[in-house]
Amino acid sequence: MAVSLLSPFTPQALWALRAGDQVLLSGVVYTARDAAHARFCDALGKGEPLPVDLRGQTIFYAGPTPTPPGRSSGSIGPTTSVRMDPYTPQLLRYGVRAVIGKGDRGSAARDAFTANGAVYFVAIGGCAAYMASCVKSVEVVAYDDLGTESVKRLTVENMPLIVAIDTLGHNAYVDGQARYLRDFATDIR
Amino acid sequence: METLRTITSDEIAECVARLCVRACNELPAAVYALLCAARDAEPYPPARETLALICENVCTAAAQPMPICQDTGMTVVFAEVGQNVHITGDTLENAVNAGVTRGYTEGYLRKSVVADPFRRSNTGDNTPAVLHVRLTAGDRLKLTVCPKGFGSENMSRLAMLTPADGLEGVKAFVLETVRLAGANPCPPMMLGVGIGGTFEQVALLAKEALAELREGPHPDPFYDRLEKELLAQINRMGIGPQGFGGLTTALSVRIKAAPTHIAGLPVAVNMGCHVTRRASETL
Ligand code: SF4
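Residue numbers (my numbering), protein chains in the order written: chain Z, 1 to 189; chain U, 1001 to 1283.
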């Protein structure tokens, strides 16, 4: 059974989540990929404010296709998270509370989630037409010059996610593969 | 004297534009069939659910129509040009790029290409395409558009092995590539493996092996066995759909081999994801 959640989150809402939990996410999330992350950390390094206040917010590593006329969103889905690892500790320290991407993280990024009480969610990669139906609005809020990589505010409804790293540091990749190999792999082949 | 057949650069551009949109919105039936079969065979319930959602997404994309994946890729184009084709108007390369511009703009596809690896300004229309041209017999022009997403492309690898490394060396390299890729290339993966040739040729062989979406067994029983063995070994790793565990780590392994040097055993793996797209038309 999937848990329904609303973003932005209270810290308590995240404490209750466990790696492997299925989530239906509603509320507001902000897109940012490689180029926007570089700019965020550049600004933070100089002690400047970010163009949008992301403290307490959720970042979605995503660059959607353009929104066709008459639709609320183009196709949208996660990009590979590990490329954002160099920026993740700094952004979580700054106050970003959750991120959405795909793929496992390096050890420094993993630790940063636990250290900051943040959660790493994963969306299924390559299900972008389906995910578009969960996006109710898309609005560019910063770095318009980056095109698909600009920062966009999305309103989402029941977006299916999996908790990949919880606030205690459990990891759904490690646990899921171990569980499959232990309990399911033997009775085939 | 053989007569030349004229094809205008506009016809080529129109065709490429159509193919870009079709490739991004409609998954080839052969890939969809592999996905459905994998879903039905998957013993691990969470993995089966993931595969079911992936299958559903393919249908949603085709019905809307809209892109299957938001990464509508860098546009790889194969042009097989008959020697008796006379292209008028612009050059083949310009015609293909004009088609990419049109397809990606009018088709609401994502523009994911930057002009320079370091200065990284977006070209705004997904050009330039990566164009591979081959001259063939006859007076037809076959165009194949393969948009390639970089979640999987980034997980590709190449090695210049030596003859002593042999079959075991090649197998170990392929399996290591899958292990290193893990959850990143949106498993279930599809692998194109090039073996032989030179440094640049082996990469192209791997790309072709992935892009051709060959149905049926490899014509050479030796490589047929190797493909099946590699697929079986990959699907014993337990990575599973999206990396959360399961039987279905890869949907297919396709090999293309070519003559090589007495001193060499080049091998390349072009990593593909479950959105391995292509669309093709002959003018
Ligand atoms: S790896 Fe494939 S399915 Fe995943 S985001 Fe890239 S193109 Fe899409």
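Worth double-checking, as some hints may not be accurate.
Claimed, not checked - Rough simulated footprint, nothing fancy, chain U against chain Z, three-plus residues with beta-carbon under 8 Å:
#, region
1, 60-72
2, 155-161
As the list claims (entries may be wrong) - Not everything, but these chain Z residues come out facing chain U in the computed CB check (under 8 Å):
#, residue
3, I76
4, G77
5, G106
6, S107
7, A108
8, C127
9, A132
10, V141
11, A142
12, D144
13, G147
14, S150
In case anyone wonders, no lab produced these hints; they're calculated from the structure.
No residue lacks a Cβ here, since even glycine has one placed at the ideal position from N, Cα and C.
Structure-based check of all given hints:
{"no.": "1", "hint": "60-72", "in the structure": "holds (count 8)"}
{"no.": "2", "hint": "155-161", "in the structure": "violated (count 1)"}
{"no.": "3", "hint": "I76", "in the structure": "holds (5 Å)"}
{"no.": "4", "hint": "G77", "in the structure": "holds (5 Å)"}
{"no.": "5", "hint": "G106", "in the structure": "violated (12 Å)"}
{"no.": "6", "hint": "S107", "in the structure": "violated (14 Å)"}
{"no.": "7", "hint": "A108", "in the structure": "violated (17 Å)"}
{"no.": "8", "hint": "C127", "in the structure": "holds (4 Å)"}
{"no.": "9", "hint": "A132", "in the structure": "holds (7 Å)"}
{"no.": "10", "hint": "V141", "in the structure": "violated (18 Å)"}
{"no.": "11", "hint": "A142", "in the structure": "violated (16 Å)"}
{"no.": "12", "hint": "D144", "in the structure": "violated (12 Å)"}
{"no.": "13", "hint": "G147", "in the structure": "holds (5 Å)"}
{"no.": "14", "hint": "S150", "in the structure": "violated (10 Å)"}
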